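Now for the letters of each chain:
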Amino acid sequence: MTTTVRYANNRPAVSLEETMTLPARYYTDPEVFQRELQAVHLDMWLHAGRTEQLPDAGSYFLVRFAGVNVIVLRDQNGDISAFHNTCRHRGTLLCKEHQGTIPGKIRCPYHAWTYDLEGNLVGAPHMEKVEGFRMQDHPLGKVAAATWDGHVFINLSAQPVPFAEHLAGLDRKFAPWGMADLKCVERRVYHAKANWKLIFQNYSECLHCPIAHPLLNKLSHYMSGDNEPPQPTYLGGRMDLREGVQTLSMNGLSNRPPFPGISAEDRQRVYYYAFLPNFLLNLHPDYMLTFQLWPVAVDQTEIVCEWHFHPDAIAKPDFDPSDAVDFWELTNQQDWELSDRAQEGISNHGYQPGPYSNREELLFGIDRWILERLARRQ
Amino acid sequence: MTTTVRYANNRPAVSLEETMTLPARYYTDPEVFQRELQAVHLDMWLHAGRTEQLPDAGSYFLVRFAGVNVIVLRDQNGDISAFHNTCRHRGTLLCKEHQGTIPGKIRCPYHAWTYDLEGNLVGAPHMEKVEGFRMQDHPLGKVAAATWDGHVFINLSAQPVPFAEHLAGLDRKFAPWGMADLKCVERRVYHAKANWKLIFQNYSECLHCPIAHPLLNKLSHYMSGDNEPPQPTYLGGRMDLREGVQTLSMNGLSNRPPFPGISAEDRQRVYYYAFLPNFLLNLHPDYMLTFQLWPVAVDQTEIVCEWHFHPDAIAKPDFDPSDAVDFWELTNQQDWELSDRAQEGISNHGYQPGPYSNREELLFGIDRWILERLARRQ
Amino acid sequence: MTTTVRYANNRPAVSLEETMTLPARYYTDPEVFQRELQAVHLDMWLHAGRTEQLPDAGSYFLVRFAGVNVIVLRDQNGDISAFHNTCRHRGTLLCKEHQGTIPGKIRCPYHAWTYDLEGNLVGAPHMEKVEGFRMQDHPLGKVAAATWDGHVFINLSAQPVPFAEHLAGLDRKFAPWGMADLKCVERRVYHAKANWKLIFQNYSECLHCPIAHPLLNKLSHYMSGDNEPPQPTYLGGRMDLREGVQTLSMNGLSNRPPFPGISAEDRQRVYYYAFLPNFLLNLHPDYMLTFQLWPVAVDQTEIVCEWHFHPDAIAKPDFDPSDAVDFWELTNQQDWELSDRAQEGISNHGYQPGPYSNREELLFGIDRWILERLARRQ
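Residue numbers (the working numbering), protein chains in the order written: chain C, 229 to 606; chain V, 229 to 606; chain L, 229 to 606.
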């Protein structure tokens, strides 16, 4: 007769030599940071926002990080497009407010060069005596944009990989959650004093949960669930809710129904998917939590966290998202505190790389991935 | 029969290839900024202040920017001299207050090395047992100084070009305005988040006036007047006041008489002369406006703006400069806002050089001039 | 018959060529600062604190400066040890509070790696499936520590010079003061905007005393006493109290008895010893003043000043240290003001090295010493 231990470390063993953390410079050197921006953030698809932020033609929001400033808008055809937020005349910033509505045309406030919502230059005063000047040669700088179930992504590369390649089939996997229908009801912005990779690494293992997140661990055992092997564009896993727990909330209960399309199994799970390099997606049975990570400096990251719910749940008179908001506010604060401490300790003169355990395989995956990306650019 | 369009773009055409704005690094790279300081600000004559700030022997003010700190003073002979604000013993800062009066001698507060107002070392306690030490070998570091019609200039170069060469005849041109007699009645200091060249460029064209400065454009048509061709030490032009307009003020009127020496034509004009690299001179029929531009960092410039009037006007019981002060306060704020936006847009990852029009020829002149200055230093 | 001048400049003459101050870059260039940290602060013994700060097993305080973060603690054996404040797993900062008590073990707040007070790794959850992992291979990073008469020193070098070599016999010289018995009653932290060497240089001559410190000069003539020749690890001298003066206090008097062990001569003297590179020790007849200098940046230094008294004096009902505290608060402010002005003047574009007098021989010693240290590292 055999007894099964419910939560055991059954993942394959790793060897010490293969699994050491990165040298400090990957977390502290501004030059490595700039190389990472080139090799990663300026090359890959970035989560920019949600289609509900762009209800009408002319609706826009800005994406700003580390020298990047992009206008994401809905054009006259109803399509979502993105452009560098800089005039083609003398480089003036076109849109200053973080979000708003453009009244038909984008007009530069300096010399009135004017662009339509498709980015075409349609007005350029006093340029008639510049020989060889043609308006069609000076449209706004185009940035690739794509959408998936309500998520808007942009890509700053001159030759973006196909968006479908970036999604790598996760669109099919997560179709049952019907994310396109969901609405954001809360948005919080955090400023971590930590390198962006430390936020990813913190997200990608739950060994710290019993120590740092007692409430989370009470609702969802830190050894439950399993991870996919690391992928080129994402790292993902899931964890089980404990018996009697309905969702991640302050008391583990929810008065919201589960999403209509998901299976009975998935009503007892939370999915944690990290889309490299800036999007974290938590799918609970009854709400979606999203994080955008914006690298600000080698040791600073801006984190935008949003709580999204089903419109039917929102429409109910007793709708109250605070159980979910409070739960993650608590958990987020615990995580950013740890990430800040990791940044401080790695910046210490006395830091040296240490060994990951075999349950931190996603972190080792991130490290290998960043090294490969940087090497490719050399 | 021919109809003449009053304000037409009659300047010569330019070709697209010749007139592109500079690459971003000239506005964003701290190393280019340091090279510019060497090639430009540490080599050319800089507007430092006005002689009225130095009424008596011992009167002084400081010139401080980007690592430079110079004492400008009136010496015992009544001459204006300038010295590095650092003791020749151990380098201590000598004068701390921005302006004041030195009581006869400059005494270092650390070890009492003492200099007369001509910069000679006249006291050096405890140096008698240093073999080879002679007081005459350790005067204050001399900085060249010159004056023109009440304006004080300094030059930090070891071998300054003659000041007359810098003025290039403008002293004769502007003699009728009698600037030496004028008195400053208002001084305002602005901190632009923009490279110093962007302030110059903003100053050197009025195509933005109908868009950004509706009041200015109502008083003085943006296509009126004309520019001189760009010169090695200055860029200048003039604009006409519209009919019935007496000066640039909130209502276009003035209860001050025009300057006594100027011609009837010049009573209907405003002159805009940019003395490279730090002095902007606006001559209105009844007042003088001056700007000093002090580079602080590649993306920061301190701007000192002063309003100067004729003593006879000031002496009148109903003298009130606020119509002129308010007009330029409004216009200045509009210009610094645009310059800041230009800095932000040029700093954008998506910026690329764009074409100037044929009416932005002074800006293209500035760009060529800075490239030549930098090349000469290579 | 001969008349003796009491305070004359009887030190040997120096030659001008040999005694010029250092070029500006030694005070302004961040790269020189980093090289100095390597050649000096990461190589030499640093004053870290006092044994009275570590009364019990588990008591600790942190040493933090310029990328260094070290835990100094008393271990289970009663010994004082020091460790890099960073976990050997993923580099997390272990202790966050500046001082406190560790309850038996140091546990990382991230994944609960646990160390005993001797630095041994005694707990590493989930590492059992990492092949080749042995806890004994991952102790906390050790930092050398040593004590002398109540003073705690640390050394960050991999191969520290013997501590006795650093003390160079000063432990015998200052044994009569019984420093181990003294207790700190006041601690003040200052933030100078000056390179750390300028604080040392300010400390190492009293020519500025009659100018900057009139009260100090009234109690102790600036030409009194004498210096030792510069040593590889310290610079020291003493000055005499004037007749009738009992100590350095606001009125020159003290109601505290002199330290029991010191000679009659030393009851009329103050010793000023600068232990390179971060410890200044002032021994008065009845109290000890200590300074720690922590380099923060090339132009910033944190200074920790402490006043220490004999327990018998402290125990007296009329004990009041404010006469000594106020005296040095006044003097400190005067000195930091001068050091800040020296930094500002040396940072001036117009600075050039100047000559030391023959009574600034310790400063010239510091300069030579830093050049030798840097050269050794090339």
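It is possible that part of the hints are untrue.
Not everything, but these chain L residues come out facing chain V in the computed CB check (under 7 Å) [said to hold, decoys possible]: (1) LEU250; (2) ALA570; (3) ASN576; (4) SER585.
Listed below are the simulated DSSO-like cross-link pairs for lysine-lysine, each with C-alpha atoms no more than 27 Å apart in a straight line [to be verified]: (5) LYS370/L - LYS324/L; (6) LYS446/C - LYS333/L; (7) LYS324/L - LYS421/C; (8) LYS446/C - LYS357/L; (9) LYS544/L - LYS357/V.
Read the hints as simulated data drawn from the structure, not as lab findings. On a predicted model such as this, the values are computed, not experimentally measured, just so you know. Backbone N, C-alpha and C define an ideal beta-carbon position, used for all residues, glycine too.
Here's how the hints hold up against the structure:
1. LEU250: violated, 10 Å
2. ALA570: holds, 5 Å
3. ASN576: With a closest approach of 4 Å, the ASN576/L hint holds.
4. SER585: SER585/L check passes; min Cβ-Cβ to chain V is 4 Å, inside 7 Å.
5. LYS370/L - LYS324/L: holds, 18 Å
6. LYS446/C - LYS333/L: Holds, at roughly 26 Å.
7. LYS324/L - LYS421/C: holds, 15 Å
8. LYS446/C - LYS357/L: holds, 25 Å
9. LYS544/L - LYS357/V: violated, 49 Å
Checked against the numbered hints above, the structure breaks hints 1, 9 and satisfies the rest.
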